[in-house]
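Colleague: Sequence:
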Amino acid sequence: MVLWQRLRGYRDVQVGNKKVQQQFYDETEKASAHLGLVFARFLIGTAQLELQVAGVPVEPWDPFLCAHPSVRRLPVESLPFDGHVVTVQPFVLPGLQRLSPQEAALAGGPRGWLRQQGFYVYRRNRLILSGSWLGLRGMPREERYNLARVVVDIPAETDAQWQVDVRKATVVPPVALRGHLRRIAQMVRTSAADTVRTRGQIAARQHGGNLAFAWNVRRDNGKISCRINRKHPLVKGVLEDGGSEPARVKALLRLLEETVPVPALRVLHETDTADDPEPFGGAGEADQQAVEVAQQMFNVLVSQGRSPEEARRVIRTTQPFDQLRGFWTI
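Under our numbering, residues 1 to 330 are what the sequence shown spells out, in order.
Quick caveat, the hints were computed from the structure, so don't treat them as lab data.
Remember, predicted model here, so these are calculated numbers, not experimental data.
Here a beta-carbon is modelled for each residue, glycine too, at the ideal position from N, C-alpha and C.
Check the hints yourself; a few may be wrong.
[Said to hold, decoys possible] Okay, the calculated beta carbon distance ranges per label pair:
#1 Asn216 with Ala105: 28 to 38 Å
#2 Gly112 with Ser307: 14 to 24 Å
#3 Cys66 with Lys30: 42 to 52 Å
#4 Val249 with Gly135: 49 to 59 Å
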């Protein structure tokens, strides 16, 4: 048991100070999260260690979502080094569209998706360094690599070569291994970027290649352009009736407001999309505004000669309604 008393910064605090109490609870949550990350391997399995902070059990945090069916494990590599073996296991996490909001928040970890990408270096099952590209040349943090995480297990006998400090908190990869680590990093980063880049394409394939977007985002000759998709059912309907149906115009405006392609622009500009808002609140049950927009789309499609069932199918394969539930009842 480790018992900490007379903590610095709390010695002269009055017992009834609610603000300081909340600050203390926040600090204990941070400490618990840190322990759950660093000692996660000790907190699982048959011979698991039991850790508690302020009487609350520490939950292990798995940065690699090993239990998720959509996580991709790239080939394990065993790198001989100075008479020992360094084991490397790359992971490509599922895209956000394959995670529930709770799973996405958990996977983002204590520092957020952008800062959790990269290598996770373990020594005797204890995490030494998390979410770092180890200073390798040409390996900056970028949004498109958020799904890339790599396990590196190093032998304790190579501490000196890895420059493991006394606190077991930092490492520097040996020169002899940097080329291998850089090659592996490039491989997993490419796979992760492909997953992010093809999010819309994957959704389109899931719906038979007919997924419709309200906006078309393109990069040509280094220039990025955003254009309203004139072939979108609701856009097409408003154009055909000349805007004579106020309800349709209102629904179209709401759709365009909700689907401004901020995430796509951020990916093209290589910045963080983790905090970008999702259309109509994100995947899940459709809210009333989403239903109203979908109803207008349904009316337009039926007026164009589509059967009710075909109209529902079109809506279910139109972004963002492909991620929402409830439109089959229209």
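Colleague: Indicate, hint by hint, whether the structure satisfies it.
Modeller: Status of each hint after checking the structure:
At about 31 Å, the beta-carbon gap between asparagine 216 and alanine 105 stays in the expected band of 28 to 38 Å. Taking 14 to 24 Å as the suggested C-beta distance range, the pair glycine 112 and serine 307 does not conform, at roughly 46 Å. A hinted range of 42 to 52 Å for the beta carbons of cysteine 66 and lysine 30 is inconsistent with their spacing of about 24 Å. In this structure the hint that valine 249 and glycine 135 lie 49 to 59 Å apart at CB holds, the actual value being about 54 Å.
In this structure, the earlier hints numbered 2 and 3 are contradicted, and the remaining ones agree with it.
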